[in-house]
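K.L.:
If you want the building blocks of each chain, they are given just below.
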Amino acid sequence: ETGVTQTPRHLVMGMTNKKSLKCEQHLGHNAMYWYKQSAKKPLELMFVYSLEERVENNSVPSRFSPECPNSSHLFLHLHTLQPEDSALYLCASSRETQYFGPGTRLLVL
Amino acid sequence: KNQVEQSPQSLIILEGKNCTLQCNYTVSPFSNLRWYKQDTGRGPVSLTIMTFSENTKSNGRYTATLDADTKQSSLHITASQLSDSASYICVVISGNTPLVFGKGTRLSVIA
Chain B
1 ETGVTQTPRH LVMGMTNKKS LKCEQHLGHN AMYWYKQSAK KPLELMFVYS
51 LEERVENNSV PSRFSPECPN SSHLFLHLHT LQPEDSALYL CASSRETQYF
101 GPGTRLLVL
Chain G
1 KNQVEQSPQS LIILEGKNCT LQCNYTVSPF SNLRWYKQDT GRGPVSLTIM
51 TFSENTKSNG RYTATLDADT KQSSLHITAS QLSDSASYIC VVISGNTPLV
101 FGKGTRLSVI A
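Protein sequence lines, in the order shown, are assigned to chains B and G. Under the numbering used here, read the first sequence as residues 1 to 109, first letter to last. Under the numbering used here, read the second sequence as residues 1 to 111, first letter to last.
In isolation and in its complexed conformation, chain G is listed as follows (with noise of 0.2 Å):
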């Protein structure tokens, strides 16, 4: 079955700490694997896609990894802001299925 497991559910840091979303994923075969970032009330925006060919991508402060091997993924925050308050969604695409969605990691960034 497909499907696509993010940790933690939720977390609190404080603000201009680090902190590492997880994402383990069973969808074969792969395609792409994205990381969306939700606001409250909100949709999601895409924040990076990562083929199989890719180990790390960054977008600013954001960097995800992919393990194609072992089917896991981790969205990296550095020097957090209190607008990365939001939920982050772990999406996995597999050839001509419909894209796969984990539950999200609902992280706030305190001060």
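The following block holds chain B by itself, in its conformation from the complex (with noise of 0.2 Å):
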């Protein structure tokens, strides 16, 4: 364990639903982001976090919309996807060194 954790593990969603998904860190850690893993593509990454503030979105859709309540929890809520979204999204947090938590697999269908 990291020390991250995300909730739910798994998600199947059809493509007018919504739905929430969230990271937890206790680590002391002042940034945190969250991740799309597609099968053989490299991590891209989607927002950044740092000290509760977004400080990076790349040009992710926005049915995709990132919330930080506070330095501990992240949200990433979910409306109106579409079937490429399927992937697993994972959240990582840091002060120097990322850790990752287990991720969420999603299917859209």
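Some hints here could point you the wrong way.
[As the list claims (entries may be wrong)] Label-pair restraints from in silico Cβ distances:
no., chain 1, residue 1, chain 2, residue 2, range
1, G, 16, B, 83, 38 to 46 Å
2, G, 11, B, 51, 35 to 43 Å
3, G, 111, B, 62, 47 to 55 Å
4, G, 29, B, 62, 31 to 39 Å
5, B, 80, G, 12, 40 to 48 Å
6, B, 10, G, 83, 20 to 28 Å
7, G, 111, B, 54, 42 to 50 Å
8, B, 79, G, 17, 47 to 55 Å
9, G, 16, B, 79, 46 to 54 Å
10, B, 18, G, 55, 49 to 57 Å
11, B, 28, G, 61, 27 to 35 Å
Derived from the structure by calculation, the hints contain no laboratory data. Note that CB positions come from ideal geometry on N, CA and C, so glycine has one too.
The task is to assemble the complex, starting from two chains supplied on their own in separate frames and drawing on the hints.
P.N.:
Right, dumping it as structure tokens:
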């Protein structure tokens, strides 16, 4: 265990659903990240929060909406997703080295 | 363009054998390089961190090397075990830019 937890671990949703992914860390880290991992592709950075403020948004579609209410929690709100959004969504936190959560395996039908 | 290329894409070895995974990068300026191990269905876990001045660093049966001149790194696994079966991801950090990830090498250790 890395100290970063993610829920749910698995999620199946339709294209009209709204769901949220949750990430939590109590490591005292000051930065949190959302990554997308698709098969046979490098990890893609989606969002970075440093000290609870968003500092990076790599042109992610607006159907993905992050929220960082405090330094220990990070959410990824999902709505009207597409089948190509099916992937493993990884959360990470860091002070220097990034520690990854176990990921949420998302399937969009 | 900042890129990290890993080879081979996949590898199958017998338990107890050694193997070496390669990572070539074009990321500049270079800050440090990290190797992560990712078990199936889990998030990546850091194995080693190599800075510019470090040539070799060991973590148990894992030994990482770095040649900053040729921009190459390798991860050598000694006396492989079944539990070494995983994806090994090379990541290069450059100043304040986002981490640059390789696609990973999928290692399967068989009995």
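K.L.:
Please go over all the hints and tell whether each is borne out by the structure.
P.N.:
Going through the hints against the structure:
1. G:16 - B:83: 38 to 46 Å: Holds - the Cβ-Cβ distance for residue 16 of chain G and residue 83 of chain B, about 43 Å, lies within 38 to 46 Å.
2. G:11 - B:51: 35 to 43 Å: 41 Å, holds
3. G:111 - B:62: 47 to 55 Å: Holds: the Cβ-Cβ distance is about 49 Å, inside 47 to 55 Å.
4. G:29 - B:62: 31 to 39 Å: Given about 33 Å between the Cβ atoms, the range holds.
5. B:80 - G:12: 40 to 48 Å: The hint (40 to 48 Å, Cβ to Cβ) holds, given that residue 80 of chain B and residue 12 of chain G are roughly 41 Å apart.
6. B:10 - G:83: 20 to 28 Å: Since the Cβ atoms of residue 10 of chain B and residue 83 of chain G sit about 23 Å apart, the hinted range of 20 to 28 Å holds.
7. G:111 - B:54: 42 to 50 Å: Once the Cβ atoms are compared, 47 Å apart, the range 42 to 50 Å for residue 54 of chain B and residue 111 of chain G holds.
8. B:79 - G:17: 47 to 55 Å: Holds - the Cβ-Cβ distance for residue 79 of chain B and residue 17 of chain G, about 49 Å, lies within 47 to 55 Å.
9. G:16 - B:79: 46 to 54 Å: For residue 79 of chain B against residue 16 of chain G, whose Cβ atoms are near 50 Å apart, the range 46 to 54 Å holds.
10. B:18 - G:55: 49 to 57 Å: Holds, at about 51 Å.
11. B:28 - G:61: 27 to 35 Å: Holds - the Cβ-Cβ distance for residue 28 of chain B and residue 61 of chain G, about 30 Å, lies within 27 to 35 Å.
In this structure, every one of the numbered hints holds.
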